[in-house]
Structures are given as C-alpha cells and as structure tokens.
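full-length UniProt numbering applies: residue 1 is where the sequence shown begins, and numbers increase by one.
Think of the hints as simulated: they come from the structure by calculation, not from any bench.
Just to be clear, a hint being listed does not mean it is correct.
[As the list claims (entries may be wrong)] Computed cross-link-like contacts, DMTMM-like style, restricted to lysine to aspartate or glutamate with a CA-CA straight-line distance of at most 20 Å:
id: 1; residue 1: K158; residue 2: D88
id: 2; residue 1: K276; residue 2: E108
id: 3; residue 1: K129; residue 2: E178
id: 4; residue 1: K5; residue 2: E20
id: 5; residue 1: K158; residue 2: E108
id: 6; residue 1: K210; residue 2: E236
id: 7; residue 1: K210; residue 2: D195
id: 8; residue 1: K156; residue 2: E213
id: 9; residue 1: K158; residue 2: E98
id: 10; residue 1: K139; residue 2: D88
[To be verified] Computed beta-carbon distance windows for the label pairs:
id: 11; residue 1: T30; residue 2: K129; range: 39 to 47 Å
id: 12; residue 1: I25; residue 2: H237; range: 15 to 23 Å
id: 13; residue 1: D112; residue 2: A265; range: 48 to 56 Å
id: 14; residue 1: A253; residue 2: S123; range: 48 to 56 Å
id: 15; residue 1: D207; residue 2: T27; range: 33 to 41 Å
id: 16; residue 1: K28; residue 2: F184; range: 17 to 25 Å
id: 17; residue 1: L15; residue 2: K129; range: 19 to 27 Å
id: 18; residue 1: G255; residue 2: F184; range: 33 to 41 Å
id: 19; residue 1: T13; residue 2: P206; range: 19 to 27 Å
id: 20; residue 1: D267; residue 2: T30; range: 23 to 31 Å
id: 21; residue 1: D88; residue 2: P206; range: 13 to 21 Å
In this text the structure is predicted, and so the values were computed from the model without any measurement.
We put the CB at the ideal spot given by N, CA and C, even for glycine.
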Amino acid sequence: FIFRKTAAGYNMTNLFVGSEGTLGIITKATIKLYGQPESTISAVCHFPSVKAAVDTTVQTLQCGIPMARIEFLDEVQMMACNKFSHLDYQESPTLFLEFHGSESGVEEQAKDVAEIAEYNEGSGFQWAKEPEVRNKLWKARHDAYYACIALRPGCKGKMTDVCVPISLLPQVLTETKEDLDRSFIPGPIVGHVGDGNFHTVLVFDPDNPKEVEEVKGLTDRMAMRALEMHGTCTGEHGIGLGKRHFLEKEIGAVGVQVMKELKAALDPKGIMNPGKIFMD
Numbered sequence: 001f002i003f004r005k006t007a008a009g010y011n012m013t014n015l016f017v018g019s020e021g022t023l024g025i026i027t028k029a030t031i032k033l034y035g036q037p038e039s040t041i042s043a044v045c046h047f048p049s050v051k052a053a054v055d056t057t058v059q060t061l062q063c064g065i066p067m068a069r070i071e072f073l074d075e076v077q078m079m080a081c082n083k084f085s086h087l088d089y090q091e092s093p094t095l096f097l098e099f100h101g102s103e104s105g106v107e108e109q110a111k112d113v114a115e116i117a118e119y120n121e122g123s124g125f126q127w128a129k130e131p132e133v134r135n136k137l138w139k140a141r142h143d144a145y146y147a148c149i150a151l152r153p154g155c156k157g158k159m160t161d162v163c164v165p166i167s168l169l170p171q172v173l174t175e176t177k178e179d180l181d182r183s184f185i186p187g188p189i190v191g192h193v194g195d196g197n198f199h200t201v202l203v204f205d206p207d208n209p210k211e212v213e214e215v216k217g218l219t220d221r222m223a224m225r226a227l228e229m230h231g232t233c234t235g236e237h238g239i240g241l242g243k244r245h246f247l248e249k250e251i252g253a254v255g256v257q258v259m260k261e262l263k264a265a266l267d268p269k270g271i272m273n274p275g276k277i278f279m280d
C-alpha cells in the first residue's frame with residue numbers, strides 16, 4: 001500500500017512479505033525514503049566478556065536512550081575481521097553503536113551510553129562524526145560474513161539466527177557462546193542485539209559428515225535455547241528447509257494448521273516455493 005496506514009481487513013502486505021515466496025510472487029514494490037538526520041555519531045567499545053557487552057545493551061534500552069544501531073561482535077568475529085579487513089581492533093566482545101538526531105541530542109545520548117558502558121567495564125572507546133571516519137569504523141561489521149568464511153578457506157558458512165526478549169539476551173548469548181566454545185567448528189557471533197536478534201556463522205566442510213552433524217547440533221540447540229526463553233527460532237532468516245521441524249514447537253499445532261489452510265487457499269496447486277516452511 002502507498003498510503004501510510006489502513007485498518008481495512010487483514011494485513012496482506014506483511015503476510016506476503018513474510019511468506020518466503022510460498023503464497024505468491026511480488027512483482028512491484030513501493031519503498032519509503034527517510035531524510036538524513038541532522039547529526040550522526042558512531043562509536044566502538046570493547047568489553048571483557050559477552051555478558052558485559054550485552055548487559056550494556058539491555059541497560060541502554062531499559063533507560064529509553066534512542067539508538068539508531070547497536071551491533072555486537074564477539075572476540076572470534078573481531079579476530080576474523082582484523083585478519084580479513086586488515087584492522088587493528090581489540091579482539092574482545094565489542095559493541096558498534098550509532099546515534100541519530102540533533103547535534104545536542106546525539107551528544108547527550110552518546111554520553112549516557114558511555115557511562116553505562118563504563119559501568120560494565122567497557123573501554124577503548126572510538127568516536128566518529130565524519131562520514132568517511134564512520135564508514136571506516138563500521139568496516140568490521142560490514143565485512144563480518146566474508147571474514148568468517150576466510151577463517152577456513154574452501155569451506156562453507158552456515159548462517160543461523162534466533163531472537164529472544166531483550167531481558168533474556170544476556171543469558172541466551174552467554175549459553176550459546178559456551179556451546180560454541182566447546183565445539184570444534186568455528187562459530188563467530190554477530191548480532192543486531194538492539195532487538196534481541198543475533199547470528200552465528202558456522203564454518204564447516206560440507207563433505208565431512210562429522211562436521212555436518214556437528215553444525216546441525218549447534219543450530220538445533222541454538223533454536224531450542226531461544227524457544228525455551230520465549231523467543232523465536234529465526235528472527236530474520238526464515239523457516240525455509242532447515243528449521244521446519246521447529247515451527248510447531250514455536251506456534252503450536254493449531255497455528256501450523258491455520259498456515260497450511262492459508263497456503264492451500266492461495267496456492268492450491270502447491271507450486272509456490274514447494275517444500276518450504278512445513279514438514280509435509
């Protein structure tokens with residue numbers, strides 16, 4: 001819809017956008033553009049532990065401080081980014097932050113977040129206002145996926161994600177990190193932690209059955225961990241093929257049946273992206 005709001009009937013836009021191509025094909029889209037903010041400040045801060053970094057995120061959000069972006073990279077991801085992008089960041093759990101607004105507003109927001117970070121033993125702050133410097137500051141985050149793959153040349157990257165309530169983010173990230181540390185598969189963590197969402201890229205040899213099995217175990221445990229914390233098995237990537245078996249655990253048998261009936265009504269011949277989302 002090109003108008004700003006509607007209360008007429010069901011939200012078909014969101015239904016189709018979130019259907020992974022199983023209900024139809026989008027042939028035309030209208031996008032909304034936003035103006036550039038008056039002022040933008042970016043920052044990087046390092047922490048002694050995953051929990052300290054994520055506690056900073058949770059406390060910042062609980063204080064109601066407006067944040068344009070909060071991105072988390074663990075020490076494995078930072079090491080990979082340093083190596084791949086020829087950077088020299090401290091290799092520890094790190095937050096990449098961005099503030100948008102008026103000149104005075106962003107400075108006040110940045111000051112408040114810095115105090116919260118310092119309370120959680122954050123250090124090594126780097127601040128940037130100029131676009132060129134901000135882009136350089138964000139390079140590690142932008143190159144994260146390719147940096148992961150470069151850890152094991154010739155291997156593949158299995159990216160998976162989950163999302164949980166913000167209050168449970170420190171717990172789920174800490175437990176996931178412990179699980180990854182016990183594994184022989186490299187699994188850097190990167191996440192849009194401002195909304196409780198995070199990803200890991202599991203770098204493995206698809207021709208090695210032991211590694212394939214290990215990746216499946218890590219992925220399944222991560223999904224179950226999120227579901228047990230009242231989260232979702234996929235915040236962004238979709239159910240697809242790999243997480244079909246979690247759908248009923250997340251939304252229940254009735255929810256799955258309703259979705260199947262929607263699918264049958266809109267795609268009676270089952271030709272739209274067949275096999276995705278449902279187990280049968």
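Hints and how they fare:
{"no.": "1", "hint": "K158 x D88", "in the structure": "violated (26 Å)"}
{"no.": "2", "hint": "K276 x E108", "in the structure": "violated (47 Å)"}
{"no.": "3", "hint": "K129 x E178", "in the structure": "violated (36 Å)"}
{"no.": "4", "hint": "K5 x E20", "in the structure": "violated (24 Å)"}
{"no.": "5", "hint": "K158 x E108", "in the structure": "violated (40 Å)"}
{"no.": "6", "hint": "K210 x E236", "in the structure": "violated (28 Å)"}
{"no.": "7", "hint": "K210 x D195", "in the structure": "violated (34 Å)"}
{"no.": "8", "hint": "K156 x E213", "in the structure": "holds (14 Å)"}
{"no.": "9", "hint": "K158 x E98", "in the structure": "violated (28 Å)"}
{"no.": "10", "hint": "K139 x D88", "in the structure": "holds (12 Å)"}
{"no.": "11", "hint": "T30 x K129: 39 to 47 Å", "in the structure": "violated (33 Å)"}
{"no.": "12", "hint": "I25 x H237: 15 to 23 Å", "in the structure": "holds (20 Å)"}
{"no.": "13", "hint": "D112 x A265: 48 to 56 Å", "in the structure": "holds (50 Å)"}
{"no.": "14", "hint": "A253 x S123: 48 to 56 Å", "in the structure": "holds (50 Å)"}
{"no.": "15", "hint": "D207 x T27: 33 to 41 Å", "in the structure": "holds (39 Å)"}
{"no.": "16", "hint": "K28 x F184: 17 to 25 Å", "in the structure": "violated (47 Å)"}
{"no.": "17", "hint": "L15 x K129: 19 to 27 Å", "in the structure": "violated (41 Å)"}
{"no.": "18", "hint": "G255 x F184: 33 to 41 Å", "in the structure": "holds (37 Å)"}
{"no.": "19", "hint": "T13 x P206: 19 to 27 Å", "in the structure": "violated (37 Å)"}
{"no.": "20", "hint": "D267 x T30: 23 to 31 Å", "in the structure": "holds (24 Å)"}
{"no.": "21", "hint": "D88 x P206: 13 to 21 Å", "in the structure": "violated (33 Å)"}
The structure shown violates the earlier hints numbered 1, 2, 3, 4, 5, 6, 7, 9, 11, 16, 17, 19, 21.
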